[in-house]
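The listed protein sequences correspond, in order, to chains P and F.
Letter by letter, the first sequence follows residues 1487 to 1728 of my numbering.
Letter by letter, the second sequence follows residues 1487 to 1728 of my numbering.
Source of the hints: derived by calculation from the structure; they are not laboratory data.
Be aware that one or more of the hints could be misleading.
Each pair may be met inside one copy or between any two copies, as identical chains are not told apart.
As the list claims (entries may be wrong) - With a straight-line Cα cutoff of 25 Å, these simulated SDA-like cross-link-like pairs (lysine to any residue) come out: (1) Lys1575 to Pro1696; (2) Lys1575 to His1668; (3) Lys1575 to Ser1630; (4) Lys1507 to Pro1717; (5) Lys1647 to Ala1577; (6) Lys1575 to Asn1611; (7) Lys1575 to Ala1602; (8) Lys1575 to Asn1626; (9) Lys1507 to Asp1674; (10) Lys1507 to Glu1705.
Number of protein chains: 2
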Amino acid sequence: MKYLIRLSYDGTDYCGWQMQKNGPSVQACVMDAIRGVFGSVTEFSGCSRTDSGVHALDFCASFRPAFDLPCEKIPVALNAKLPGNIAVKSARTVPDDFHARYSVKQKEYLYRIRTASVRDPFSENRVWHRPANYDLNALNQGASYLCGTHDFRSYMAAGSKIEDCTRTVFRAEFEQTEEELHFYVSADGFLYNMVRIMVGTLLEIPQRMPPEAILRILEAKDRSQSGMTAPACGLYLNRVVY
Amino acid sequence: MKYLIRLSYDGTDYCGWQMQKNGPSVQACVMDAIRGVFGSVTEFSGCSRTDSGVHALDFCASFRPAFDLPCEKIPVALNAKLPGNIAVKSARTVPDDFHARYSVKQKEYLYRIRTASVRDPFSENRVWHRPANYDLNALNQGASYLCGTHDFRSYMAAGSKIEDCTRTVFRAEFEQTEEELHFYVSADGFLYNMVRIMVGTLLEIPQRMPPEAILRILEAKDRSQSGMTAPACGLYLNRVVY
């Protein structure tokens, strides 16, 4: 049987999802836990790479273990072997041709910006603390230009080797809470650092650019036109749709 | 001038507020920051001791620095010298005879219990994960017996050398959120481990004891009658009233 598990993790202490030489990865922890429960595992894949320090509220991984277990027993069994900053929330079976990465139809990211002047000790490494007065309407006007099917080259890390930079953004929207600004963006796929460059650029509105600049930058297809890459700590993979 | 600052901190990495030989204390960090800004400081005091791993959403400390600063500048100046897991939220001046500990009229603690079956990676070390079905009405009936002026010896850590164990509890109440149970208790003062023993005892309702047992235990004035000491990680100093 092939299984899909949904996880959440605090990415602070990890080099990201993907196994790397430079530090502990979430993937290595999850594979170790699966091997600990099932002995061996094949066809293991995750829904995306996430950068060092990026978090997940809903990360998906699929695998085929050496034997089957009832789905409701899998989270308990794996969580007993995982560190406390990673949790398996649920498990279900999937068809043989399912692939956690290539079967994704839509992903949503959340980016948290703390707007209150004093930092919150409980959100250290979990928000971008950037106190300022924000104009929610202007931000959302800027974000609206990102919706639709576009070449997002201007919002991709310089040096990326991807040829086809066309993606479809379904939602790009800010919400204001008491002490934070939340940016939600969902798309059929994301380029390297795309969300973080979007956030770094959008937050220049309205002081350093008008909302319309977001469209102009998109059309320029030039990374040098967009803003800074927002820090990893504010970014969360929020939802994965198959 | 004498100042009162209000702080919040994540106590996970500290041996508590009080300076100790066995690890870093919040007090030492705050005193270092004050000395860094003001050069020297006298009459420094905190509103209470907190145990290792206990958190604060509202901790108060008073001090007299070598020179005066406008109150609104103090949080920014101190936060620049404090680690990210401690934040000064505000500062105000207080009368000469004010004492952060002895002038306290009322303190409120919050205890967070995670009731959902799967742990939350983002609340590791910040809640007691104790999945179960709780009876909110029964819990609140039990908690109600704690309100009023009583000898709380049964809810004090064994071996404490305090003679007068009479305290007045103003509020003792559970609230249910989607994934957590929150216990609020406010009093004119607390004995050592009092909140944690209250929580450890109350959560035996209704499976292991009826709500009325809380009153019976109170009247026994005997620590061996009450329940376990709940873990430090779920406890927050929530509000201090002068």
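Against the structure, the hints come out as follows:
no. : hint               : in the structure
1   : Lys1575 to Pro1696 : neither (42 Å within a copy, 33 Å between copies)
2   : Lys1575 to His1668 : both (23 Å within a copy, 22 Å between copies)
3   : Lys1575 to Ser1630 : neither (33 Å within a copy, 35 Å between copies)
4   : Lys1507 to Pro1717 : within (22 Å within a copy, 36 Å between copies)
5   : Lys1647 to Ala1577 : neither (34 Å within a copy, 52 Å between copies)
6   : Lys1575 to Asn1611 : both (22 Å within a copy, 19 Å between copies)
7   : Lys1575 to Ala1602 : between (31 Å within a copy, 10 Å between copies)
8   : Lys1575 to Asn1626 : neither (32 Å within a copy, 30 Å between copies)
9   : Lys1507 to Asp1674 : neither (30 Å within a copy, 55 Å between copies)
10  : Lys1507 to Glu1705 : neither (37 Å within a copy, 61 Å between copies)
When the structure is compared with the earlier hints, violations turn up for hints 1, 3, 5, 8, 9 and 10 and for no others.
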